[in-house]
Structure formats: structure tokens, C-alpha cells
Amino acid sequence: MGQLLAVTVNGLAFGMLLFILASGLTLIFGLARYVNLAHGGVYLLTAYLAIETYTRTGSYWAAAGMALGSAAALGALLYALFVRGRAWLRANPLPQVLLSFGIIYVISDLMQARYQGLAQSLPLPDLIAGSVTVLGTTVTEYRIVLVAAGILVAIFLWLLLSRTSFGSAVRAGVDDHEMLSAVGRNPELLFAAVFAIGFALIGVSGLLGSAFIGASPGVEYTIILYTLPIIVVGGMGSLPGAFFASILVGIGDSIGKAYFPEFSLFLIFAIVVLTLAVRPEGLVRNA
Amino acid sequence: MPRRSLLIGVVLAVIALVLLRNGLSPYSLSVWSLALVGGGLGMSLSLLVTYAGLPSLAQAAFYGTGGYAVGILAAKHGQDNLWIGLLLAALVSGLLALVLGLVSLRTRGIYFQIITLSFTAMIWGLAVKWRSLTGGDDGLVGIYPPSMAPFNGHLVTPQGVFTFSAVALILICLVVRMVRNSAFGHVLVGIRDSESRMAALGYRTTAYRLGAFVLSGMLAAIPGALLTYQLQFVSPAQLNFVVSIQALLMVVIGAGTLFGPALAGVGVIWLQEILQRHTDHWLLVLGAIYIAVAMVNPPALVQRLRTQWAERRTAEPAREPDLEVVR
Amino acid sequence: MKESTDRSAGPVLAADNISVRLGGIQILQHLSLQVERGERRAIVGPNGAGKTTMFNVLTGVLRPQEGHVALHGRDVTRWGVSRRATCGMARTFQITNLMHTMTVEENVVLALAASRPAVRRDLFRPLRSSSLDRPAAELLDRWGLGDRRHLPVHALSYGERRELELVLAVAAEPDVLLLDEPAAGLSPSETARVCDLVERLPRETSIVLIEHDLDMALALSDTVTVMSEGSIRGTGSADDPAISALVEEVYVGAVDQEDADVAG
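Residue numbers (my numbering), protein chains in the order written: chain D, 54 to 340; chain R, -3 to 323; chain U, 34 to 297.
Treat the hints with care, since some could be wrong.
[Unchecked claim] Covered, in the sense of this in silico footprint (three residues per stretch, anywhere, with C-beta under 8 Å from a C-beta of chain R), are these stretches of chain U:
(1) 106 to 115
(2) 131 to 139
(3) 180 to 193
[Said to hold, decoys possible] Rough simulated footprint, nothing fancy, chain R against chain D, three-plus residues with beta-carbon under 8 Å:
(4) 103 to 112
(5) 148 to 156
Simulated from the structure, these hints should not be mistaken for laboratory data.
Cβ atoms here follow ideal geometry from the backbone N, Cα and C, with glycine treated the same way.
For reference, chain D alone in the conformation it holds in the complex (with noise of 0.2 Å):
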């Protein structure tokens, strides 16, 4: 028992990782139809610069803005090369899908170059190294600093989505694409205002991972083949769809190596097919 529990909050931390992950790529597809599948890329990109900072200046608060910084600057160099200005390319999703794997070789090899292939991860601030004892069973005080953080962000997004006008703003963009310059808003903006965001916070889920799953060479594809099951089962454009996803898919994978280590992987896909099989719209409607 105690291990299931140590196993469930495990996967609860890692679904709250992937679902800080996710929410970014669903608030950018909600809105600009832009489906970026270059994020385990991006994530690795900042989960590597953020460790190389901290090793270098001994500061998180510098490695917190590094990570945030370098997904931002990404976002924004990716948004003004490719997206501003390119409505074909987002109603294309062959070359989109070709500009997305472009993105990831490229941030690949330079991270082979400049990392050589090591694997490394952020050490964690003694404040939360330790572990504590919930229930009878020993969880690390990071697992919950990571499920605290990711419920932080459910938040944050709640809010900013239902309380802000920039946030009703999205949610009839998301609706409707035309309405949105008959409204008098200006969609490249907010176009470039949620690209932003959705980067930062693929460039949090940077920070916080490098302590948690690391960086290494081929997390840029291993990041995706999680993703995926996400958005199929959450719906592409459902922040609450991706919340109830990246937990399910998260404590199944952990579930999963822990108890049926051979079918692990075959069974979250398996799990995607049938949703699909089901309801190709996904489990919750984007309503």
C-alpha cells in the first residue's frame, strides 16, 4: 500500500510537470490553431541552460531566470520567424508538423555540441532535498513541490482565463477566429501575448524538470511521446482536458514501470487509440 502510494504521487508529480508542459502548447493551439510539436525541444533547451547557470553562478534565481528568459526569447524569435505574418502556415499541417522537427534537430544537435551527449540535472536547494513521511510512506518534498506547482499554474491560468478581459479575449479567439478582428482586438497581439505565455510556461516546466526527470540527449523526443497522449485524451484546446490528462498519464506511466515495466509505454498509447477509437473529439470537450 505504502508503495502505491509512494508510486501515485510520483506519477501526480510527473503528470503535474507534463501538464505545466502541456498547458503552454494548449493555450498556443487554442488560439493560433499553431501546433508546435518542436516543445520537448524547447524543454530541453531551458532544462539544460538552467543547470549549466546554476552550475556556473551557484544562483536558482538566476537558473529560474534563464530558463524563463531563453523560452521566452525562443517563443518570440519562433513567433516572429514563423507565425507572424503566416496565416497559410497555420492552416497547413503538413509543413507545420516538418517546421516543428526542423525546430527540435536543430535545438538537438546544438545541445549534443555544446553538452556532449551527459546527462545532467539541477541539484535541489536543501530546502526541499529532504524527504517527508505522508500516510506511512516516505515522499520526497519535491514530489509535492511539484504537484503544489503545477496546481499553482491550474490556478493562475483559471484565473487569467475567466477574470481578465486579455483572458476573454482568448477564449472568443479560441472560439472564433473571424470574430476576433470584428471585435476590434487585434489578433496578431494577442497572438504574440499567448505565444509568450504558453512559451514562459513550457520554459517553467524547464526549471522545474531539469531537478526532477533531468536533461539529457533524447528528452527532446521522449517529452513528445508523453505530450501526445495528453492532448488526444484531453482535447486540443482544453486546458481543464490537459489538467485531468497529465494526470492520468502520469500516474499511469509511473504505475506502469513500477508494476507491468514491459507493457508501459503500449498501454498509455493503447489508452490514446481507444480514447480516440471512442471519441475522436477527446475526453473532455472543448466546449
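Given the coordinates of chain D, assemble chains R and U onto it according to the supplied hints.
For chains R and U alone, kept in the frame of chain D given last:
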């Protein structure tokens, strides 16, 4: 492509291939054989992407399944006949495509892409974990050159492998052309243009799409099997989703032309080979190429050129395309 | 390929107690409709009355929460679009819906091939050898698009495309033809052309049309069904003054409601 041009093209191709076969080193021939297999992969996907309008990312699943089919049969059951191997590879892939198609063809557009990508990942995960069947991450070795009975010999010499791969590619190209020109192909293109209209005319659109999906899967198994025979090895790398993306690159570079994806496939494999020999940063260059191809978007470019050329030919005043709903 | 149809007396197309609810809004409520063989029926009503939704239920695009649709007396409620099409139902679309990368002729050939089982058996033979070129050309000539045969669809004018919509729908000689705003966006002369085409259709073909152009609707139809707010307000002969009055009432009523909404 009218029949006379096709005939000339095939003759020229054959001449070129004979020259290559006799003039190149074994190393070059082996790279060419890999490249010809790449061409086959690209052509198999073009059936789905260009003619059926289905942006499938599952091609690696069928390509790799073809490879594993012959690999498992050879390494675990001693099945060493080339023709039986190819036939079984196509059948297994076709069956897989049937199952995947039934599930995924209910979705459209980006969802379809994601589900086909997920499916590829699933099959890859299966290959990695099911060690007893597939050898897991290490893959399968001991896949010896197959016998070509009832013909003499084995598929083993560089020249022989090259010739066979070339013939296979030409046949795949001809099959795709035949499908394109057939009633089935026309219906597919009609469904691509407007599924709702075709359904309203009485066509069972899902059945046609499923047929295209299965056909494409079966075609992909052939180059997949050939790759395994060439390398005498099969591993999950053949099933990795990056192979699906690579196939997509070939189709997009092929720009919507009939044989473009074959040429693009050959070119992409050759390019990768040359890049890997000359620089450590081959992945960076490759990534830049993907980005460049995406931004240029050859199919749209060629479409624009074709429209302009057609307008000039018919000497009709070009009508302003009306604003239509962009899907 | 047409399934054998039961041509007994009785409505060729019938909707019985149809209710449709979408996104929390009741779009159609307990709607019933019957179209006899050879009847020309116009469905009129202001925007939002549910006319297109009704069409979508009749053609199989939408499945109703309640009610049944019958074609030639057979319950087709569970049938998909293509199956109904093989049973003698055809439609045009409000937004022109053609195979836009193909030529006019190729569009028509596809329309004809759908109803020719012999062609579908030759699935992998080249389409040209199926001898549909001549019937396609004849059909196009008959409907006045003959000289446009080899043009790609995107080279046609808007009016010509709407005509092609119609030609595709009649190619299979349907028993029931549903026209969704055939004159939408057309100039008066183009509209007259479409009216002319519709009037030339065989008398046994039942026609149901949605049209905002009331003059056109009344001129082309025998009977008119007036809809508003998801239900049928009345059905009657096209030249019945009571119907004209009803039409005016629902349209003006709709305008008043809009004004109230805006002001309110």
C-alpha cells in the same frame, strides 16, 4: 503523365540504373540501395497524402512492420524465401493498416495526424518492450540474404540488391500511377477535395479512405522488408516516428507530382549519407532543411505555378478565385 | 447504384416529429413534414428558423434526438448521407461544394459513376475506359455548361459553379432533390437561369428548396412550408394568400425581434 512520356521515362531510368550498377563501387551501390528504399517509402505515403488528402504520420509503423515481419520470420523461423517474405510483410502491414484505419479515419486534420503519430509510437513501444519477439532495443540479427527461389541465387551481391531495389521502386511507382489513374484514384481525389460532396453523391467515403490506407500500408512494407534484407538487421529505429516525419518530408519535397516523392526519397537518403560523412552537425543541417522545405511549401508552390500555366494555355481570362471557406 | 425503391403511393420523403438540440439550444421542435412524389416544396423562413438544420436531418448529415425520417416509406433515420444518396436522394449545398481541383467534366463523371454499378466494379481500371465521357458531355450540354467542360472548377465564375452544383445533383436522376439556397449570391440574370434549370427538371422529381428569394421560391414551388424558430408555422399552396401573409408575418416578426434584441 501520358503513356509515351512514361515509357520514355522508364527506359531512361533503366539505362541510368544499368550504368550505375556497372559503374559504381560496392559502397556506393549499397547507399543507392538504401536510397531506393527511401524512394519507395516516400511513394507509399504519397498515395495517402497527395491523393487521399490524409496527412498520415503512421508510415513508419507499416514500414517497420514490414521490416520486422521478414526479420522475425528469418531470424526466428528460418523463413528465407524472398517472395514469401515480401508477401507476408505486405499482408501483416495491410492488416495493421486496416485496424489503425478503422480507428483513426473517424478523425480529421490535426487529430488524424496526432492519432497516427500516437499509433506509430505505440507500435514502437511494443517493439522495444517485447524482447522475446523483437529482440527489444537490440533488434534482431541473423537475417541472412534471402533465396530468390524459384529463381537462382540469393539477394546478396551489391549489384543484385541494387537491381532488385531499383525494380521494386519502379514497380511501386507504377502501382501508384495506376491507382491514381483508376476510378478508385479519382474517387479518392474527389473525396480529398470535398468529402461531403462525394458522400452526397453516394460514395462510401470512409470505405475508400480505408482502402487507400491499407494499400499505402502494404506498399510501405515492401521497402521496409528490403531495408531489413539489406542491413541484415532490424531494430525499433525502423519504427521510430522520425521515420514517419522523414517520409512526410519526401512527399512534401515531391511537391504533389506523381514521381516526385520517389526522387525526393532517393535524394533525402543520399543527402543524409553525405552529410553524416562530412560533418558532425549533420542533424543541424537536416533540421534547417526541414524548416526551409516547410517555409517554401513545394506543393503549394507547384500548385500556383500549375494554375498560372493552365490559365495561359486555355487562353481564358483568369477568373478571380472567389472567396471560399478555407477549411 | 440505386437500391430498389418502393414506388408505392405515399410521400416520397417524410419527416416525423423531428427534434434537434445542439449546444444546449433547441433548434427544431417536433417538426413533421411530408413531400409527395413530383411535388415542388419551398421551405421559407427567417434566419435561425432551422431550415438548414432541417435539411441536414433530411439528408443525413445530422441525426435528430427525436423523430424519424422516411425515404420512399423506408425509415432512413439511422442511415448515413451516402446511403440515402444511393436511394434516390440528392442535394445541393448552400456554400458551393465541388471537387475544386478537378475539371467540370471530371466532377460530372464522378457524379455519374456513383450511380453506375458497372463502373464501380472496374475499380482499378482507368476512368476513361468506363465510357462515362459521353454521358457527361451530353449532360453538360443539356444544362448549358458544355463549353466549360475542360475548365478546372476554380476557373468558373460563381454563377457557373452554382449551376454545376445543380448538374451534379441531377446527374443521378434523383427521386428527391434538396436545394439549399440555390440562388444565394447570384445576380438577377443568373437567378433566372437557375430558375429555368429547375423548371426543366423531370416532373416526377420531387424538389424541396430552401430559398430566401421569396419571389423565386413562390414561383418554383407548388407548396410552401413556413418555418420560424424551429417549428412549422404552416403549409399551403404557393398561391394561397394566407401563406403570403404568414410569410410576411414571420419575416417581419423576426425583424422586430432582432430590433428588440439590439435595443434591449
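How the hints compare with the structure:
| no. | hint | verdict |
| --- | --- | --- |
| 1 | 106 to 115 | holds (count 3) |
| 2 | 131 to 139 | holds (count 6) |
| 3 | 180 to 193 | holds (count 8) |
| 4 | 103 to 112 | violated (count 0) |
| 5 | 148 to 156 | holds (count 8) |
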